[in-house]
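Asks: So the sequences go chain by chain: A and B.
Position 238 (the first sequence) corresponds to 238 in UniProt numbering; numbering is contiguous.
Position 44 (the second sequence) corresponds to 44 in UniProt numbering; numbering is contiguous.
In case anyone wonders, no lab produced these hints; they're calculated from the structure.
A portion of the hints provided could be inaccurate.
[As the list claims (entries may be wrong)] Covered stretches of chain A (chain B as the covering partner; in silico rule of three or more C-beta atoms under 8 Å from a C-beta of chain B):
1) 33 to 44
2) 51 to 59
3) 231 to 242
4) 266 to 278
[Unchecked claim] Label-pair restraints from in silico Cβ distances:
5) A:Glu231 with B:Gly170: 30 to 38 Å
6) B:Lys180 with A:Lys59: 27 to 35 Å
7) A:Lys199 with B:Asp159: 47 to 55 Å
8) B:Ala73 with A:His88: 39 to 47 Å
9) A:Val134 with B:Gly170: 53 to 61 Å
10) B:Ile183 with A:Ala223: 16 to 24 Å
11) B:Lys180 with A:Met37: 14 to 22 Å
12) B:Ser158 with A:Lys140: 41 to 49 Å
13) A:Arg221 with B:Lys138: 52 to 60 Å
14) A:Lys102 with B:His95: 31 to 39 Å
15) A:Val115 with B:Asp146: 14 to 22 Å
16) B:Pro50 with A:Met37: 47 to 55 Å
These figures come from a predicted structure and were not determined experimentally.
Cβ coordinates follow ideal geometry from the N, Cα and C atoms, glycine included.
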Amino acid sequence: MREVRAKEIEETVRDMCMDANYNLGEDVVEAIRRAKMKEESPTGKAIFEDILKNIEIGKKEKLAICQDTGFAVYFVELGEDVRIVDGHYMDAFTEGTRRGYKDGYLRKSIVSDPVLSRVNTKDNTPPIVYTDIVPGDRIKITICPKGGGAENMAEVAMLTAAHGIEGAKDFVVERVRKSGGNPCPPVVVGVGIGGTFEKCAMLAKKALIRYPLGSHNPDKRFADVEEELLERINNLGIGPMGLGGRITALAVHVEVFPCHIATMPVAVNLNCHASRHKTRVI
Amino acid sequence: MAEIRLHTPLSDEDIEKLHIGDTVLLSGVIYTARDAAHKRLVDLIKENKPLPIDIKGGVIYYVGPAPAKPGYAIGPAGPTTSYRMDPYATILHEHGLKASIGKGNRGPQVVEALKKYRAVYLAATGGIAALIAKSITKAEIVAYEDLGAEAIRRLEVSDFPCIVANDCYGEDLFKEGVKKYKIT
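The shape of chain B in the complex, shown without the other chains (with noise of 0.2 Å):
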């Protein structure tokens, strides 16, 4: 279990490098996106539209910030459950994105993708928005304003602290992980 700085746009040599469990410290520009915001790429997608954002060796944040209070670059921001957005992220790591970081385990097509597109997915943890969010510098709405807390935001971090919990050799630390602590 390695502890790996990585600096987004990320490369297949980047993500070939990670395996589960190991700790990343990743820095760059991420977006956020939740269930509405995914709906409206993977449409735009599909009607051949260009996206609002660049998704090419991106990274996707599941994540709805609170508001920020003066002083602050963001409000609590900690990752929201990843399987919602299960339907959606096929497509997207097609279309070049590297890695989403959320909560809570994936589906078996998501597992595939990662394997297939070469992109990992990264868990943070749930409930520690006001520590997470002082790895973020800048945040600014860049896309479907309309949708309030859900909104697309281009975030700046740095040393965004998360962990590899499905690598590009389809590998998976939820399964791995429960396998070793449990008792029977």
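Bound-form chain A, shown alone (with noise of 0.2 Å):
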């Protein structure tokens, strides 16, 4: 067993809330500036560089990107050979949050409770945690913070075989369609097939952190229906911030697993163009 102490992991996480929110990562600038290119729109490609000018002062003032500095959602793949010592696996992620928040001047966006009192919690937790038990001894740490107006375009369809592929196609274009400018286009659309109700939700999530930016499902048929939902998307027209143009979409990634013979659920998440991620290994 290899012995991780609690404080390493809560001073990873709190270096990178920072670091996800100040330094965009290059895939996704590289994204940007080709999609800059290919704009036809005026107003389209006089907001492509503002986005890159802000991509810019983020870096070398150390500032956020977005004020809109999410809720803090962690992606971790935990080595079964691990063993966490001095202190708490959740605690740390939640410590590490609390601390990246406050000493970053991050945003602090999260309600306690989710409809009647709806108190800001005033430290940005508690973070979401997700873990995967894997072989190994290392601990593989991705933040994701998570935006508010991108997220409130998410949508689950419990389609079944009947719809097919065409009917799950239809279901993402009409969902970006549908989201128009409040996502922040240009958008990282992510899509589940598959699993169950939260699994494909899971999915569609995992999907917007697959790097780099643009890479292809390693199935061709999948790799095929990104192309093609790409391609649709961007010929909606919608453009940067909604206003019109080429450029909707920077990426569609297609993130699949098995299913029940009765179901076909089909998720979409979608992250606005500042799609941030950061990725560490304790």
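Two chains, two frames, some hints: make the complex.
Replies: Okay, here's the thing in structure tokens:
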């Protein structure tokens, strides 16, 4: 067993909160640069220029690129040969998030109960932590700060086999069309197909953190679906911030999982152009 | 598509010269408010009580800024999604609000209210919060401090950049822009 101190996880998490919110991944920046070249709308082009300027300011001045620094969502691959010592696993994520959002001048966007009192917790806790137990003695942590605007445009549809792949594709395109300018396009489109109700939502969310942005599903058939969806979505004309233009999405990522003979769930989760996520290994 | 400099408070004449697609560089005083603050403002109006801010000729910016680092007037401060404020917009325009700033399109009832009460909806770019903050020179909380990021702030802005998305003539840049670039 390899021993890892809870404090080490906490420190790593604290740093990752700031890193993810200040420094957009180079793969995302590159996709934005490429998209700017393709954009035909003058307003759209100007928006792309501002987006790139803003990314530089965030990096140089250590500022959050978006004021909505999101719900702190973590995906963790926890090696089964790791033993957490001198503290608790969840506490390390909670405390790391609290300190990261405080020390990093990040916005506190979480309310304690969702509907009745809606009182702000004032420290952006609790975080959401999804843990997979994997072979090995490492801890791989990915943070994906999730803003509310894009998250509000998510949807799960419990389709059936009769809908087929065309039904799934139509649902995805329609979801993006209905979202318009709300999720801060150009968006990243995460799609989950299969599993159960909650599993396909999880696939859609995990699709958003695929690296590098715009890489394809290893199954050629689904890679083709990704390409077709990207073309159909960009043909919608929604454009940067919904004001019309060539580029509505930077990429479409589709993740699939086996499902029950009676079901074919499909989920769509969107990320704004500030598609933030960072990964570190302890 | 003109570039127009405006200074608050805004008059009917200011509003009438704006058309969808125009770039506006806004200077003067604007107020921040999101969902929770809007609910409180509208409740006050319905109870015939005075508002904590003067909205006559005013501009409300839908934003909950991040905390300011030392040496900065305000933290990153980009727009939030506007449709959530649609249920509150009409009554505020009726009471003199001349413009709101946010992102994303508005519902038909807001478009109607803009025509009826001579007002505009201005789109700012989401996700460029650090850049937008450079055009805000001063910020102070003036109401509802308990709401944290959602408190009402008085902002002094200088050449704050936005685009006219809905004008007082019923035009909608979201609809027109998409129509232009849609491939069927």
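Asks: For each hint, tell me whether it holds in the structure or not.
Replies: Structure-based check of all given hints:
1. 33 to 44: Contact hint for the region 33 to 44 of chain A vs chain B: holds, 4 residues under 8 Å.
2. 51 to 59: Our answer is that it holds, as 5 residues pass the Cβ test (under 8 Å) against chain B, meeting three.
3. 231 to 242: The restraint on the region 231 to 242 of chain A holds, since 8 of its residues have a Cβ under 8 Å from chain B and three suffice.
4. 266 to 278: As far as the region 266 to 278 of chain A goes, the hint holds, because 3 residues have Cβ atoms under 8 Å from chain B.
5. A:Glu231 with B:Gly170: 30 to 38 Å: With a Cβ separation near 33 Å, glutamate 231 of chain A and glycine 170 of chain B satisfy 30 to 38 Å, so the hint holds.
6. B:Lys180 with A:Lys59: 27 to 35 Å: Given range 27 to 35 Å: holds, Cβ gap about 34 Å.
7. A:Lys199 with B:Asp159: 47 to 55 Å: Given about 49 Å between the Cβ atoms, the range holds.
8. B:Ala73 with A:His88: 39 to 47 Å: 40 Å, holds
9. A:Val134 with B:Gly170: 53 to 61 Å: Once the Cβ atoms are compared, 57 Å apart, the range 53 to 61 Å for glycine 170 of chain B and valine 134 of chain A holds.
10. B:Ile183 with A:Ala223: 16 to 24 Å: Given a distance of about 22 Å, which is inside 16 to 24 Å, the answer is holds.
11. B:Lys180 with A:Met37: 14 to 22 Å: Roughly 19 Å apart at Cβ, these two residues keep to the hinted range, so it holds.
12. B:Ser158 with A:Lys140: 41 to 49 Å: 45 Å, holds
13. A:Arg221 with B:Lys138: 52 to 60 Å: Holds: the Cβ-Cβ distance is about 57 Å, inside 52 to 60 Å.
14. A:Lys102 with B:His95: 31 to 39 Å: The hint (31 to 39 Å, Cβ to Cβ) holds, given that lysine 102 of chain A and histidine 95 of chain B are roughly 38 Å apart.
15. A:Val115 with B:Asp146: 14 to 22 Å: 18 Å, holds
16. B:Pro50 with A:Met37: 47 to 55 Å: Between proline 50 of chain B and methionine 37 of chain A, where Cβ atoms are some 53 Å apart, the hint holds.
Going through the hint list in order, the structure satisfies each hint without exception.
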